[in-house]
Amino acid sequence: MPEGRAFAPQFASARHRDETAELGMWVFIATEILLFGGLVLGYFVYRHAYPDAFVAASKRTDILIGTANTAVLLTSSFLVACAVNALQTNARVVCVALLAGAIALGSLFIGLKAIEYANEYRERLIPGVDFAFGGSLANGVQLFFVFYFVATLLHALHMLIGIGVLGALALLLRKSSNTRRRTALHSAALYWHFVDVVWIFLFALIYLPGRSGG
Amino acid sequence: MSEADYLNCSYTLRSWFFTTDHKRIAILFFASLTAFFFIGGAAATLIRIELATPQADLVSSDGYNRLFTMHGVIMVWFFLIPSIPNTLGNFIVPLMIGARDLAFPRLNLASWYLFMLGGCVTLFAIFAGGIDTGWTFYTPFSTLYSNSYVLVAVSGVFIVGFSSILTGLNFIVTIHRLRAPGLTWNRLPLFIWSLYATSVILVLATPVLAVTLVLLAAERLLGVGIFDPRIGGDPLLFQHLFWFYSHPAVYIMILPGMGVINELISCFSRKEVFGYKFVAWASLAIAALGFLVWGHHMFVSGQSLLASLVFSFMSFMVAVPSAIKVFNWTATLHKGSIRFDAPMLYALGFIGLFTVGGLTGLFLACLAYDVHATDTYFVVAHFHYIMVGGMVTAYFGGLHYWWPKITGRLYSEGWARAAAILIFFGFNLTFFPQFVLGAEGMPRRYHVYPPEFQVWNVLSSGGATILAAAYLLPLFYLGYSLFFGARAPANPWNAPGLEWQTTSPPPEFNFVTQPVVTRGPYQYSADFEPEPQNA
Numbered sequence: 001m002p003e004g005r006a007f008a009p010q011f012a013s014a015r016h017r018d019e020t021a022e023l024g025m026w027v028f029i030a031t032e033i034l035l036f037g038g039l040v041l042g043y044f045v046y047r048h049a050y051p052d053a054f055v056a057a058s059k060r061t062d063i064l065i066g067t068a069n070t071a072v073l074l075t076s077s078f079l080v081a082c083a084v085n086a087l088q089t090n091a092r093v094v095c096v097a098l099l100a101g102a103i104a105l106g107s108l109f110i111g112l113k114a115i116e117y118a119n120e121y122r123e124r125l126i127p128g129v130d131f132a133f134g135g136s137l138a139n140g141v142q143l144f145f146v147f148y149f150v151a152t153l154l155h156a157l158h159m160l161i162g163i164g165v166l167g168a169l170a171l172l173l174r175k176s177s178n179t180r181r182r183t184a185l186h187s188a189a190l191y192w193h194f195v196d197v198v199w200i201f202l203f204a205l206i207y208l209p210g211r212s213g214g
Numbered sequence: 001m002s003e004a005d006y007l008n009c010s011y012t013l014r015s016w017f018f019t020t021d022h023k024r025i026a027i028l029f030f031a032s033l034t035a036f037f038f039i040g041g042a043a044a045t046l047i048r049i050e051l052a053t054p055q056a057d058l059v060s061s062d063g064y065n066r067l068f069t070m071h072g073v074i075m076v077w078f079f080l081i082p083s084i085p086n087t088l089g090n091f092i093v094p095l096m097i098g099a100r101d102l103a104f105p106r107l108n109l110a111s112w113y114l115f116m117l118g119g120c121v122t123l124f125a126i127f128a129g130g131i132d133t134g135w136t137f138y139t140p141f142s143t144l145y146s147n148s149y150v151l152v153a154v155s156g157v158f159i160v161g162f163s164s165i166l167t168g169l170n171f172i173v174t175i176h177r178l179r180a181p182g183l184t185w186n187r188l189p190l191f192i193w194s195l196y197a198t199s200v201i202l203v204l205a206t207p208v209l210a211v212t213l214v215l216l217a218a219e220r221l222l223g224v225g226i227f228d229p230r231i232g233g234d235p236l237l238f239q240h241l242f243w244f245y246s247h248p249a250v251y252i253m254i255l256p257g258m259g260v261i262n263e264l265i266s267c268f269s270r271k272e273v274f275g276y277k278f279v280a281w282a283s284l285a286i287a288a289l290g291f292l293v294w295g296h297h298m299f300v301s302g303q304s305l306l307a308s309l310v311f312s313f314m315s316f317m318v319a320v321p322s323a324i325k326v327f328n329w330t331a332t333l334h335k336g337s338i339r340f341d342a343p344m345l346y347a348l349g350f351i352g353l354f355t356v357g358g359l360t361g362l363f364l365a366c367l368a369y370d371v372h373a374t375d376t377y378f379v380v381a382h383f384h385y386i387m388v389g390g391m392v393t394a395y396f397g398g399l400h401y402w403w404p405k406i407t408g409r410l411y412s413e414g415w416a417r418a419a420a421i422l423i424f425f426g427f428n429l430t431f432f433p434q435f436v437l438g439a440e441g442m443p444r445r446y447h448v449y450p451p452e453f454q455v456w457n458v459l460s461s462g463g464a465t466i467l468a469a470a471y472l473l474p475l476f477y478l479g480y481s482l483f484f485g486a487r488a489p490a491n492p493w494n495a496p497g498l499e500w501q502t503t504s505p506p507p508e509f510n511f512v513t514q515p516v517v518t519r520g521p522y523q524y525s526a527d528f529e530p531e532p533q534n535a
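Line by line, the protein sequences are chains E and H. The letter at position 132 of the first sequence is residue 132 when you use the numbering used here, and the numbering goes up by one with no holes. The letter at position 218 of the second sequence is residue 218 when you use the numbering used here, and the numbering goes up by one with no holes.
Don't read these hints as lab results, they were simulated from the structure. It is possible that some hints are incorrect.
What the hints assert, rightly or not - Calculated pairs, SDA-like style, for lysine to any residue (alpha carbon to alpha carbon, straight line, at most 25 angstroms): (1) E/K59 <-> H/D234; (2) E/K113 <-> H/V214; (3) E/K59 <-> E/A49; (4) H/K335 <-> H/R519; (5) E/K113 <-> H/K271; (6) E/K175 <-> E/L190; (7) E/K59 <-> H/I231; (8) H/K271 <-> H/T330; (9) E/K59 <-> E/E19; (10) E/K113 <-> H/L222; (11) E/K175 <-> E/E19; (12) E/K59 <-> E/A204; (13) E/K59 <-> E/K175; (14) H/K277 <-> H/S461; (15) E/K113 <-> E/K175.
Stated by the list, open to error - Covered by chain E, according to a simulated footprint, are these stretches of chain H (three or more residues, beta-carbon under 8 angstroms): (16) 85-97; (17) 227-238.
All C-beta atoms in this analysis are idealised placements derived from N, C-alpha and C, irrespective of residue type, glycine included.
Required output: the full structure, derived from the provided sequences and hints.
In structure tokens, the structure reads:
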């Protein structure tokens, strides 16, 4: 290994390394899209098969918390975008503050989600744990809630990972910044926005079927 | 030999288990995969012994279910899918493109650890009692009825999937970003093209398997889920999702083999691969079409006739790029200066076996014939021709071809040729009778069968004995060469590829000076004799 280089030997320059890292994140996001894609396909199969049940089930979801969470998450994405921008203009302290804000909003999202889950537990809407929904639509409603829990838990797991990554970066950037950390922040921001976009789809699929079009 | 290379630069355990050198990680994968190959092979051996007689004499029905499941799970996820990409690919890709490592060396090491973790979890499931669902984990049997270690095995496969994804991601980024100056896409060796196509499948198909297994696990854990027919769920949805991964996975298993064959055919006939661009794009075409044919595993599942027609048509379409490859390999041989060294024997064997496997695939793509052949030994024979006759043969061919580069040692050419020939004949004797058995209606996954099928089964089991011996042979002569083989020159085949321009074995960071590429990959001189060393 050529000594004294700030970057690994497979790269020709620090810039080369950073661009490569970013491409890696895009490929990772492609993989993630297919991960959620399989789930969404299953959702549509059953929504097509049991349209009335999905409407009935969707009406039992908490649109207030759902909408609030959408606003929280979009705002956090905005803060992350601002943080990337701030670091590019070398406003390191501002960047760290913005990241802290994004982390706080991400945690708020998780907190609200937990309240939502607790309410659903009280309303006995958790398939396999405690589920009680009367009437002829019960089966389709149960299928809806299986998706609801798998999809939102998978999304929440992504949120937790994102919070961890942003937190680690904020701690590093508090000390100092370099091009490598700038790229890392850029990639982390891509990931955070992706998780945000997934939520926008989930929001429409989960909360809106019973409430749109009368 | 005082020069430092990647093998002798350090001997500590730490320098192996925490290495980020793609070459050492390839060796780690190679050792682990060899172990899994022989574990899966042991299961196959027991299966063939049981099937030598029509009665059940070795294992119970339940034991037999667990045996073929173990064979399938181990061979598919812990040998075939990672075989060429994670060993030869890991070792050769950076060398071939003139890079000092993969783009993400630590991710590469993580891939091995995930592989080992998934492997240990799966082995635990097997030795704790086994799984009886078949490698396909079909619902509702796997979720509601099976009393075996489904959850543990599914977790193992789930984990190893992430190893696949990380390797695929690493290859895609590496091939895009780390090519040597002058190495344009149209100068890339075809091995790289095929691994690129493979990586695209790894990255796009594997996550679908992951989420499907999550749904399966949730259903088995909680007793209610989306494949559960008791609440209106559709077990067939599982098959759709499973085959959306597992059919492309077939191409994960064959494309790298095709890539190896390009290198071998070209080298041992001293000619440029005929129709380079067609072969390169055929790999991508196979990868793309591979995503659109999963329904041909479900012709008898009750899917709509229209869906079956479309899937049948698309399956026939896959034959086009596959045939382009076979025709171009034979055209490459035409008027070449052919030498029958061991790697070439494997390559020629591959062409024959892959062609038989591919053509019988067309039988199965026919709606009418597939109804007859579904779940018979015809299907078993077909996919073994592709995966064992094709992929494993290519794996051995590539292993011999690059062995001098990987280890810095030469192997015994005589033994290697003997093994190659033995594998070819042993393979055909094992699996050709299974076409006949399948056509006559013997179903797969049964260990008791009518006496009139015994002749073909005995032939098959006899062939398996030869095949087993032939697969064990390289263990000995390659193992011997590792310690006592003659030192290999840098370029024993006088090949133009970049991987041959550095020493054997390569130094820790592959190239002392950054290579620059000015020509295509297959500019062979007619002269086979290696240039004299130390000239």
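Enumerated hints in conflict with the structure, sorted upward: 5, 9, 13, 14, 15 and 16
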